[in-house]
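Engineer: Chain by chain, the residues run as shown.
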Amino acid sequence: MQSPFNGLRNVALAAAVILAAATAAYAHHGWSWTEDGFFELRGKITAIYIGNPHATLDVDAEGEVWRVEMAPPSRTIAAGFTEEVAKVGDEVTAIGNRSLDENEKRMKAVRVIVGGKTYDVYPDRVPPA
Amino acid sequence: MDEFLAGIEQLAFVRGLKASFVAYPIVNALHIMSIGALLTSVWLMDLRVLGAFRSLPQAAFVALLRRTALSAFAGALVTGTLLFSVRASEYAAMPVFLTKMTLILLAGANFLVFLRRVKGGDEPAGGTVTTLAVLSLVLWTSVLFAGRFIGFLN
Chain A
1 MQSPFNGLRN
11 VALAAAVILA
21 AATAAYAHHG
31 WSWTEDGFFE
41 LRGKITAIYI
51 GNPHATLDVD
61 AEGEVWRVEM
71 APPSRTIAAG
81 FTEEVAKVGD
91 EVTAIGNRSL
101 DENEKRMKAV
111 RVIVGGKTYD
121 VYPDRVPPA
Chain B
1 MDEFLAGIEQ
11 LAFVRGLKAS
21 FVAYPIVNAL
31 HIMSIGALLT
41 SVWLMDLRVL
51 GAFRSLPQAA
61 FVALLRRTAL
71 SAFAGALVTG
81 TLLFSVRASE
91 YAAMPVFLTK
101 MTLILLAGAN
111 FLVFLRRVKG
121 GDEPAGGTVT
131 TLAVLSLVLW
141 TSVLFAGRFI
151 GFLN
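As given, the protein sequences belong to chains A and B, one line each in that order. Take the first sequence: its position 75, counting from 1, is numbered 75 in my numbering, and each next residue is one higher. Take the second sequence: its position 146, counting from 1, is numbered 146 in my numbering, and each next residue is one higher.
Everything hinted at is true.
Straight-line Cα separation of at most 30 Å, DSSO-like style, residue types lysine-lysine; simulated pairs: (1) B:Lys18 x A:Lys117; (2) A:Lys117 x A:Lys105; (3) B:Lys18 x A:Lys87; (4) B:Lys18 x A:Lys44; (5) A:Lys44 x A:Lys87; (6) A:Lys105 x B:Lys18.
With the C-beta cut set under 8 Å, the calculated list includes, among others, these residues of chain B facing chain A: (7) Lys18; (8) Ala19; (9) Phe21; (10) Tyr24; (11) Val86; (12) Arg87.
Calculated directly from the structure, the hints in this document are not laboratory data. Beta carbons: idealized from backbone N, C-alpha and C, even for Gly.
Make a model of the complete structure from these sequences and hints.
Structural biologist: This is the structure:
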């Protein structure tokens, strides 16, 4: 009978390859994937999602659609930003940190301004006044 | 298809889950529990088929773990469907999500082929059975990795 542990070696190899691929990618959780400096995006809202696992806005800025990530829904709603305060087509300003990848139209907002009102979804991270 | 996915998102209990501060993390935790049990059963079962833990009788060991794995898969299926439902159209458009679903189908097909090859008993692992067990380990582990990536790429 052939040694079954030749098979196990193959499994270990496959696992190592998958793990290497995993560490090469970066996460959208947390802030590790964003630039340090503040970034401001202005545009029109094309989609609103206030819900789990985290709230997002899609914003059309000069013909390019950006994905603006906000806090988890509990935190976003606690900041006053609900589905009632904004609608598709509204002008929005999002202040936060954009992706380190310049080709990626994605940012994480700490402050969202819509309809003349300011919502600090990450109050502890907003730029100093 | 788009309307069907949008319809899922509008179901009353799905809308509740989407906005819930408690239910969603609980469903998420139960999904992790299910996939943990599933992956553990699959690994132990396949390692036994490949010749590890020879002191344990293969038929009884595999039968127990197969029951565990099937229950765990059922749990993962229910909780996974709930997690999917809150943003169904978004997830359905993600290549990594579709990759995960394809991997699950392949792993399921591999399981069915394995069932046809092995009729129980303590028979030693043959060439085909060894290949199927290794394939099972690779496929289920890949399902886990693909699943984890969904949370980081959407």
